[in-house]
Every structure is written in C-alpha cells, then in structure tokens.
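Peer 1: Taking the hints into account, I'd like the entire structure generated from these sequences.
Residue numbers (the UniProt record's numbering), protein chains in the order written: chain F, 1 to 215; chain P, 1 to 264; chain W, 1 to 262.
In short, the hints are calculated from the structure, not lab data.
Fair warning: this is a prediction, and the values are worked out from it, not measured in the lab.
All residues carry an ideal CB built from backbone N, CA and C; glycine is no exception.
Label pairs and their in silico Cβ distance ranges:
(1) ALA49/F - TYR24/P: 39 to 49 Å
(2) ARG203/P - GLN79/F: 46 to 56 Å
(3) ARG176/F - GLY41/P: 49 to 59 Å
(4) PRO192/W - ALA211/F: 44 to 54 Å
(5) ARG107/P - ARG253/W: 32 to 42 Å
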Amino acid sequence: MHTTEPIVTGASVLGIQCVDGVVLGCDTLASYGSLARFQRVRRIVQPGADWVLGGGGEYSDLQEVARLLETMVTREYCQEDGVVRAPRAVHRYLARVMYQRRSRLDPLFNSLVLAGRGRFLGVVDMYGTAFESHVVATGFGSLLALPLLRKAWRPDMRMEEGAACVEHCLRVLFYRDCRALSSVQLARVPAEGAIEVSEPYELGELQWHVAQTVA
Amino acid sequence: MLRNQYDTDITTFSPQGRIHQIEYASEAVKQGSAVVGARSGTHAVLACVKRSVSDLASHQRKIFELDTHVGVAVSGIIADARVLSKFMRNECLQHRFAYESAVPVGRLVRHVADYCQRCTQRASKRPFGVGLLVAGVDELGPHLFETCPSGDEYELWAMALGARSQSAKTYLERHLEEVKQAKRDELIRLALAALRETFAAVRDAELTEHNCMVAVVGIEEPFRVYEDAQVAGFLEAIRPAPEPEGGSATGAPSASEERMEDTS
Amino acid sequence: MDRPLSHSSFLPPLFSSAPHPLSPPHSVPHPSAAPSVNAAERPARWSPYQDNGGTVVALAGRDYAIVAADTRFSVSFSIPTREFTKITQLTDRVVLASAGMGADRQYLHKMLHTRLAMYRHQHQRDMSLPAAAQMLSNTLYSRRFFPIYAFNVLGGIDSATGEGFVYGYDAIGSHEQLKVVCSGSGQAIVQPVLDQQFSGRQRYSVPDAERAPSLTLEQATALVRDAFASATERDIHTGDALEMWQITAAGVRQTRYELRKD
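Peer 2: This is the structure in structure tokens:
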C-alpha cells in the first residue's frame, strides 16, 4: 500500500542548537484532517541513548520510522562490541531510508528532526534531503517559527534560553496554526550527559483577549 | 600431510572432531610469505615480505588498502585474498554510503569472517585459503585482527602469519610491552624487526626495499602503504641493531608448544 | 528594495479552501485537506520530485577552472536552510556542482564518490577529468527512466596539459565539453552574461581565433562573483552565500562569499 496522502498528521517540530546542547520541541496533537483526533501523542521518541527523533507528518509512518530505528539500535547492541552509532550516522542512514522509499514511490510521509549528543541537530524530509542546521522548523513551523528561531539564535545561547525560545515559537504556532495544540513536549539533549524528554505539558498564560482585534 | 579418510569434503567431521579441509586451508596460509601486524595505543602497522615467482617477475603485493581507515595484509592464496579484499572494500563503501562514516573495524572483520565461515559448511564450497591481518582505526582506537579460513577471528596486539612466521611471533611476544607502548615509527621498527626474524634461518636472504612493504594507520592518520624506495628509511632503522636478547620486555608470554625449529 | 507584492495567483494551495480533487465527499472533513508535512508544497498528486533551486556555474581558462554555486536550499517560497552545499570535490583536479533537487544530488554525489573510490582501488590513481565526466554521464543515464533531478556542471583541469575544461549536463546524462556553463534556477540570468563576457561573443572587434579563454583567474573570479550577485537580485531561489572552487595545477582552493539573504 502506497501512501499518497497523509491521514493522521502531526504538525511542526522545532529545534535549536545551543552551546551546551540541543533543544527539540513539538506539540502532542495528531490530527485527522481538521479534527483534533489524538491530543496526547508523543512525537518525540528516543530509540537510542544518544539521540532523539522528532517527527511531523503521517503519524503511522512516524511510528514505522521509530520502529525501524529501534530495530537498528537493538541489532547494534547485540553486536556487543561497544560501538555506538553516532547521531550523525543515524541521520545519514535515515536520509537513505527516506530517499529509498521516495524512489520506490512509496514515501514515508514525514519530516524528521534528529537531535543528538555533541550538539547534533539535523533534518530529513520525505524526499531524503538531509541537512544540519543551527535552527530547524518543519511543517507550518518552517513558515512561522523558522524566522523567529533564526532571529533569536546566537552562537553562545544556552539550553535554558533555547528551551524558552522553542516554547515561545510553539506558543506562536498554537495561536496561528489551526493544526497545532497547546499541549507540548520538549526534549533537552545536552552535549554530554543524560537526555531528558519531557512529559506532555500545557503551555500556560495563553491570551486570547486580543483575538477579536486580529483579522 | 598424510592422506586422510575424512578429508574429501568440507562437511564431514573426522571421528576426532576435526574438519580436515579447513586444516588444509590453514596450511595454505602457512605457505604464503610472511606478514606481520602490530598495534599500539595510537597506531596499527602491517608489514609483509613480497615474494617474486621468478627473477623475471615483479614482486607480489600483499597489503591492500580497504578504506582510508583500514587495510589488510594477506598470507596464503593471493587470488582468494583478492576476493576477500573486494568483499571488504565493498563493505566499507556501503557503510560510507549509508552512514557517511567509516565502518568500525571489528564489524568489518566480523563480516568477512562470517563470509569465510559460510564456505566451511557447504559441500559445494571451498574454504578461503588465506589468512588476513586487518589493521584499522575507528572511534575506539586502533585495532589489529586476524581471520582464519575457518571463519574464526581474533583481536590482537601483534601477530605474524605465513612462512617462518613463528620466529616473528616469538620476537613479538618478547617485545609485547614495547609494542603496546610504541609510538608510530617505533611500531614500524618493531614490525619490521619481527619480519626480519623470518629471514634469520634463510641463507643469502634479507629484507630489502624491493621485497617488503609496510603500511601504517593511526588515530588522525589515514591508512598509507609504503613500498620500494619509501621503505628504505624504515629498513635503515632496523639495520644496525643486532637484537639484544630479551630487550626490555619481560612480561610477554613466550610460545610454549611450537619452537623456532619447526618452521621450514 | 521594497517591491510591491501581488502574487495572489501564486498562492500555494495551503491558502485555498478547495478540497483535494481526489478526495471523496465526506461528512467528516477529509484528512487530505490537512496541512501535511508542508501542505504548501504538496501538489494534487504526490510527486517524487522537488525543485530546490540554486544556481551553479563552471568556467575554465588556459590553466584553471572555476566551479561555483550558491548555498541556498529553497522549497517553493521558504528557505529551510541557507547552508546547503551544492559542490563536491571528486578528485584533486575535478569538482562537481549540482543544482536541482537536494535529495537527488546528495544521492548522486554519494554514488559518484563510491564509484571513484572503486576506481582508485582498481587503478591506484585518480580518475582523469574526461573519465569523471563520462562516469557522471553514465550514472545519470543509468536512471534514464526515473531521472536524477540534478543539473550538473563539472569543472577541472586536464592532468596532462593543465588546461581547464568544464562539462555541462542535462538530467539524463547528455553532456558536452565547454569553456563556460551555467545551470539551475539562475541559468537564464547568468548564462548570457558569461557567454558575452567570457567567450567574447558579440565583440566583433576580436578575431575568432583570439576569443578563446582570455580571462585571467582573477578576472574570471570577479566575473563569477558579479554573476551570482546579479542572479541573487532577481532569482528568489539563488542567494545566501557563494561557494567557489578554483582548480589550478597547484591544487584546489575553496573560497566563500556572502550573498544577499532576502
């Protein structure tokens, strides 16, 4: 069965690279068309110890990608040779997978963001295009959040600041993107040390009283 | 070796639990000219004696680069070795294609060993008559591996294969501690000195720039092969040293069963 | 540079409420109306191709070749990244630049590097410029019926004579040897200027015989910079930064210049 159009979809994923690590963020909604169908799904997963994957687009395809990477991690672990696949290598591998699927005209309908130890932040889209960047935003976020992230980004930015910035962008997306939600998830991937993927939580202090003045 | 009742095919065990065809393949490894491998904390080195079938022929190369971070020295049937080298080069390239990174040396060796093993379990196949010394560097540091026709593989500090390799092995065992600590050029010197030991019992033969080859790979140093005039400098380093017995190394276990005289 | 924006006719389907042409009538709004990965770019029927824009230039003189490309990566009206290299070095004397679809050219570059490594293993030396040019053509043609959407320019110097040559390609491998070539989204802007300036066409005072490469490396470098600056002015898919590789007998030198980022 070939996916020619996505059915249950996740929206934007945002990422920002800081001096001490990478912050990844997204909301927890999987929409069925315009219906906010599943409101507490996790779109950030952590199959490996050194990296996390965030994804938008078709949710079932995202689960398939996650399964694929879990299999890869398990296989590597079973080699028992102490070699761990670097985040960059996983990123390139994902690009090959996505490219191969698009070349079979059976694409995985996702935009994927990979954040890893050593301040790695990279994107792969459904065509297999892979690149690394200081700031990353997929889906609607590439229109609304990417300019904000680019403006906020500084080379000496720390993770607290980065997290605040991503949260701000998620808030903007919630206000403006009809397929976004106020329930969000953040992942903090420090350059070294344990990765922390938050539970879904609500963005606070939302203000709608200006809404009537906005066209 | 005597003819044996249970050696006509590769899938039959002898009552003693041996598979003679594999053992014969291992004999082929011993007939190749000597190769030596050694590794320290920072580098891995391969050295070999190149054999020439006649004065009219060129010397046969026995060290091959597989990728920028790994190479192999072979002993045995060189034609078989070429097949395995091609297999390993392919593995390296595929890994680079998929992951944009160098294949971990241990994984590469495991792969080629599995490939060799497959030939030991089918009646229609023949084991590879070649032993490999694989030297390479990955994120865990430098490595040296040996593979056998049986499909076994071992990780080692130092090893020698091929004709009269026992004397080289003995030398390396005696100098194991030095090998472990050695810096780049020192490691090359030790490997060549070990290789030279294989000539000790042969009259009118010595290591020259024409009949030996050296390869080095290190952390931050890509695999590089030295031959002909390029090895002259390395040979110079081992020339004046008539080996003082024992040296500084003592901790190394010495070969117990096999002694030097069994090499022909 | 404020230009009046009136591109309502270019508005992507994201902003139209029209249902997907293939979607059945449905009581529940059909999911196909949802913005997917990037609904702005999703055409009616999914296409495996994407145009990521960008301009590539290669030109050659008597003893040099220049290969240049911008670093913008665009998806219709947005720019996911400003740092996406289109250039890859194949050997010490051959450099390739590709415009077109990002994923396809990444694949193509990897494929070429793999085949070059095989060649090096087999022949113990690097591929020559004509050999690399032919290999690129073969690689593209191997996907004749599912083309690699990449528009390549290849530049390098002849290992024997040291003379620079460039090659221009279409997506399926047709190619020719040239002295100056441009491909990609800025082609229509850049190519005529390079033709005129570099090959000296339309300069009737110059005899045919003397029209061959007369520019020095410095002049050619300045010309390429101007060409990209000009393309950046008018082509929305070109910009951000210019990467330039100069290939001479002394080796390969890479330089980078900033371009407009709007």
